[in-house]
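2 protein chains.
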Amino acid sequence: METPHLVIDGVKMRGNIERMAGVAQERGVALRPHVKTHKIPRIAGEQLEAGAAGITVAKVSEAEVMAEGGIEDIFIAYPLVTESKIRRALRLGRTVSLIVGVDSLEGARRLSEAAASEDAVLDVRLEVDTGLRRTGVPAEEAANLAATIESSENLRLRGIYTYRGYVLADGSPTLDLERAGLEEGRLMVSVADQIRERGIEVEDVSLGSTPTAPYAGGVEGVTEIRPGTYVFYDRMQARLGVCSLDECAASVVATVVSRPREDLAIIDGGSKTFATDVQPNAAPLNLEGFGHVVGHPEAVLERLTEEHGMLRVGREDDLAVGDTIRIIPNHVCSTVNLHNEVFLKDGEGGTERLKVAARGKLE
Amino acid sequence: METPHLVIDGVKMRGNIERMAGVAQERGVALRPHVKTHKIPRIAGEQLEAGAAGITVAKVSEAEVMAEGGIEDIFIAYPLVTESKIRRALRLGRTVSLIVGVDSLEGARRLSEAAASEDAVLDVRLEVDTGLRRTGVPAEEAANLAATIESSENLRLRGIYTYRGYVLADGSPTLDLERAGLEEGRLMVSVADQIRERGIEVEDVSLGSTPTAPYAGGVEGVTEIRPGTYVFYDRMQARLGVCSLDECAASVVATVVSRPREDLAIIDGGSKTFATDVQPNAAPLNLEGFGHVVGHPEAVLERLTEEHGMLRVGREDDLAVGDTIRIIPNHVCSTVNLHNEVFLKDGEGGTERLKVAARGKLE
Numbered sequence: 001m002e003t004p005h006l007v008i009d010g011v012k013m014r015g016n017i018e019r020m021a022g023v024a025q026e027r028g029v030a031l032r033p034h035v036k037t038h039k040i041p042r043i044a045g046e047q048l049e050a051g052a053a054g055i056t057v058a059k060v061s062e063a064e065v066m067a068e069g070g071i072e073d074i075f076i077a078y079p080l081v082t083e084s085k086i087r088r089a090l091r092l093g094r095t096v097s098l099i100v101g102v103d104s105l106e107g108a109r110r111l112s113e114a115a116a117s118e119d120a121v122l123d124v125r126l127e128v129d130t131g132l133r134r135t136g137v138p139a140e141e142a143a144n145l146a147a148t149i150e151s152s153e154n155l156r157l158r159g160i161y162t163y164r165g166y167v168l169a170d171g172s173p174t175l176d177l178e179r180a181g182l183e184e185g186r187l188m189v190s191v192a193d194q195i196r197e198r199g200i201e202v203e204d205v206s207l208g209s210t211p212t213a214p215y216a217g218g219v220e221g222v223t224e225i226r227p228g229t230y231v232f233y234d235r236m237q238a239r240l241g242v243c244s245l246d247e248c249a250a251s252v253v254a255t256v257v258s259r260p261r262e263d264l265a266i267i268d269g270g271s272k273t274f275a276t277d278v279q280p281n282a283a284p285l286n287l288e289g290f291g292h293v294v295g296h297p298e299a300v301l302e303r304l305t306e307e308h309g310m311l312r313v314g315r316e317d318d319l320a321v322g323d324t325i326r327i328i329p330n331h332v333c334s335t336v337n338l339h340n341e342v343f344l345k346d347g348e349g350g351t352e353r354l355k356v357a358a359r360g361k362l363e
Numbered sequence: 001m002e003t004p005h006l007v008i009d010g011v012k013m014r015g016n017i018e019r020m021a022g023v024a025q026e027r028g029v030a031l032r033p034h035v036k037t038h039k040i041p042r043i044a045g046e047q048l049e050a051g052a053a054g055i056t057v058a059k060v061s062e063a064e065v066m067a068e069g070g071i072e073d074i075f076i077a078y079p080l081v082t083e084s085k086i087r088r089a090l091r092l093g094r095t096v097s098l099i100v101g102v103d104s105l106e107g108a109r110r111l112s113e114a115a116a117s118e119d120a121v122l123d124v125r126l127e128v129d130t131g132l133r134r135t136g137v138p139a140e141e142a143a144n145l146a147a148t149i150e151s152s153e154n155l156r157l158r159g160i161y162t163y164r165g166y167v168l169a170d171g172s173p174t175l176d177l178e179r180a181g182l183e184e185g186r187l188m189v190s191v192a193d194q195i196r197e198r199g200i201e202v203e204d205v206s207l208g209s210t211p212t213a214p215y216a217g218g219v220e221g222v223t224e225i226r227p228g229t230y231v232f233y234d235r236m237q238a239r240l241g242v243c244s245l246d247e248c249a250a251s252v253v254a255t256v257v258s259r260p261r262e263d264l265a266i267i268d269g270g271s272k273t274f275a276t277d278v279q280p281n282a283a284p285l286n287l288e289g290f291g292h293v294v295g296h297p298e299a300v301l302e303r304l305t306e307e308h309g310m311l312r313v314g315r316e317d318d319l320a321v322g323d324t325i326r327i328i329p330n331h332v333c334s335t336v337n338l339h340n341e342v343f344l345k346d347g348e349g350g351t352e353r354l355k356v357a358a359r360g361k362l363e
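Chains A and Z, in that order, give the protein sequences. With my numbering applied, the first sequence covers 1 to 363. With my numbering applied, the second sequence covers 1 to 363.
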């Protein structure tokens, strides 16, 4: 097998899938994993088999790929605002159970108009910003927008959702995941209650990232968690204390192509192989380098150019030209996204080549 | 056309291609563009038509895709060290003119052994490190390695090459491109002379990145330049003073999907759409944000999550949900690499959808 390539330890992956399914079951909430981490219908299928109620995606194209792969319950956790995408969602909604996100009056108007023109009713969830300051209506405006949605004949308000990861309400990152998760859960339940006070039903209160899902999912009134990264885990999650490095199921296999200096080994993977969105030395994670070099804990993947990885090694390190190493990436979701295929090992000597089917799509 | 997508202004691209061909001609050197920027055989073909002598790639897989696309003169500017890749290169060398990189004794041994087993002679160029501290033999060791290569019956030493971009010999980045380029050129010519003093012929002295090629290419004794980014240019190159923002031919088209706060607009492209390897606020470029928002110079693409771009906008800014904007990425090479396809506009109303054929490959 040529390098660089991304290898998935199927045994670890299945362990991760089952553990999170167990967390959801214990908390009494539904699990709707975000498949952006793997973008592979086959793996989504394994999550469903282990008890997930459905899946989450960020794009219509991802939903289409997953539906084609046999997934029948899909939440597009993203505001769809262009007519063509809304029409694609409506089309998809005829064959699978589909919910789409909405976070603005204008967005609701567009969804409603498109649905009306096809005599359809679109299930929607209202996105609430709980601190990440990206999409999502501010909590204090949620009830008003919910009322508008409720008044539209072609939209059915299913509930509310949020995503925020390991930040607090003011947007600051934190390593106190219990605090972050409980705060996230309580905020969302309070928003749901505000909407219910208007006489509007709120069935779904959906939230939770890999780091916060176990805590947020335990808050009374929460109905669903949507973690994604847990399927593989990564170095960032290990640093957050969510998993051990040994539980990380995805790693990049690379070859040492040069050893030009005593303290430097060059591998055949750079920024087109390892994602660079989780940078070294950034607070609060302060990761050293772009990945964890398995079996060479002192080695630091210090710099990347497009196809070169510069590994600072000890002078005594015996890495030689032609050696193969394995690296757990800082952020697995964006790293998988760089690869056309991954290699899934079944733990019994078998390796299956899987296409990252939903990557690189127009939305 | 759905968003986000990458659009190429064909008129600007052709202008860029012709200008660099003109630079090479004026300096009296060959132009062998690195196609890692676009990874599209059709565009490589346009570079050849405009006068390029051949192309440069970083991977065997890229070479294979380009050969399949009709390109007949290819330099793999990367040390190939695994048997399977070397054999693929040997196979390719039977149908196209091929040169491969080498930068170590062990690498030379492996190339030679594989070539011998097929009774072939492999054309190689010796890579010299001139400051970037990645692959490449240190300058002072080049002559010894050249002598070893020369003594191998199955390797033919064609010359030497380097890449370093806008750094000086000590590895520090600089905005003084003339100094960087002249230094790069003189260093390489002096290495070539050291090798010749051993009685070894050095036909090719190949170097030059988009920022340094015009200067390094003018140094007496240099025979070839290998810039890549110039085909599209990007915000980084504009900041370096190599081009104007208006000459940047590639940009990402995105849609405003949410305008949750007065000072915040959210677009449907994040770190899976815009490369993050050239980070904001990093010296010496100190770029603000992840791209230049065309027509909204005050807007800053401040943060990215995977599918969300957070645009800090003025309170007076009239960007609304559904609006389309165009953003010139910080680093176009790694940004193109995120996309499966690009949309090439011919300037006469026609748009062609081109597959980024050589992206995401195993090497």
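Rather than coming from a laboratory, the hints here were simulated on the basis of the structure. It cannot be assumed that every hint is accurate.
When chains are identical, the list treats them as one kind, so a pair holds in a single copy or across two.
Taking lysine to aspartate or glutamate and the DMTMM-like style, the derived pairs with C-alpha atoms no more than 25 Å apart in a straight line are [unchecked claim]:
id, residue 1, residue 2
1, LYS12, GLU352
2, LYS345, ASP246
3, LYS345, GLU2
4, LYS361, GLU298
5, LYS355, GLU150
6, LYS345, ASP170
7, LYS345, GLU83
8, LYS355, ASP317
9, LYS361, GLU302
10, LYS355, GLU64
11, LYS361, GLU197
12, LYS361, GLU306
13, LYS355, GLU298
14, LYS361, ASP323
15, LYS355, GLU247
16, LYS361, ASP346
17, LYS355, GLU220
18, LYS355, ASP9
19, LYS355, ASP119
20, LYS361, ASP263
21, LYS12, GLU140
22, LYS345, GLU201
23, LYS355, GLU68
24, LYS361, ASP123
(request) First find the shortest C-alpha distance between LYS361 and ASP323 inside one copy, then the shortest across copies, and answer within, between, both or neither for a cut-off of 25 Å. (result) between (35 Å within a copy, 20 Å between copies)
If the cut is 25 Å between Cα atoms, do LYS12 and GLU140 qualify within a copy, between copies, both or neither? For LYS12 and GLU140, neither the intra-copy (42 Å) nor the inter-copy (47 Å) Cα distance is at most 25 Å.
Classify it for me, LYS355 with ASP317: is the Cα-Cα distance of at most 25 Å met within a copy, between copies, both or neither? Answer is neither; intra-copy 35 Å and inter-copy 42 Å both fail.
query = How would you classify LYS361 and GLU197 at a CA-CA limit of 25 Å: within, between, both, or neither?
reply = Classified as neither: same-chain Cα gap 41 Å, cross-chain 55 Å, threshold 25 Å.
First find the shortest C-alpha distance between LYS355 and GLU247 inside one copy, then the shortest across copies, and answer within, between, both or neither for a cut-off of 25 Å. Answer is within; shortest intra-copy Cα gap is 23 Å, inter-copy 36 Å.
message = At most 25 Å between CA atoms: does that hold for LYS345 and GLU2 within a copy, between copies, both, or neither?
response = Only inside one copy: LYS345 and GLU2 sit 15 Å apart there, 36 Å across copies, limit 25 Å.
Q. Between the shortest in-copy and the shortest cross-copy C-alpha distance, which are at most 25 Å for LYS355 and ASP9: within, between, both, or neither?
A. Within one copy, since 16 Å is at most 25 Å while 31 Å is not.
Tell me, please, which holds for LYS355 and ASP119 at an alpha-carbon limit of 25 Å: within, between, both or neither?
Neither way: LYS355 and ASP119 sit 37 Å apart in one copy and 37 Å across, limit 25 Å.
Exercise. When no copy is specified for LYS361 and GLU298, does a C-alpha distance of 25 Å or less occur within a copy, between copies, both, or neither?
Worked result: neither (38 Å within a copy, 29 Å between copies)
Checklist entry - Is it within, between, both, or neither for LYS345 and ASP246, if the alpha carbons may be no more than 25 Å apart? => result For LYS345 and ASP246, the Cα distance is within 25 Å only inside one copy (16 Å; across copies 48 Å).
If the cutoff is 25 Å on CA atoms, where do LYS361 and ASP123 land: within, between, both or neither? Let me know, please.
within (24 Å within a copy, 39 Å between copies)
- Task: Indicate which option fits the pair LYS345, GLU83 if close means a Cα-Cα distance not exceeding 25 Å: within, between, both or neither.
- Result: between (41 Å within a copy, 23 Å between copies)
The structure is inconsistent with the numbered hints 4, 5, 6, 8, 11, 13, 17, 19, 20, 21 and 22, although it conforms to all the rest.
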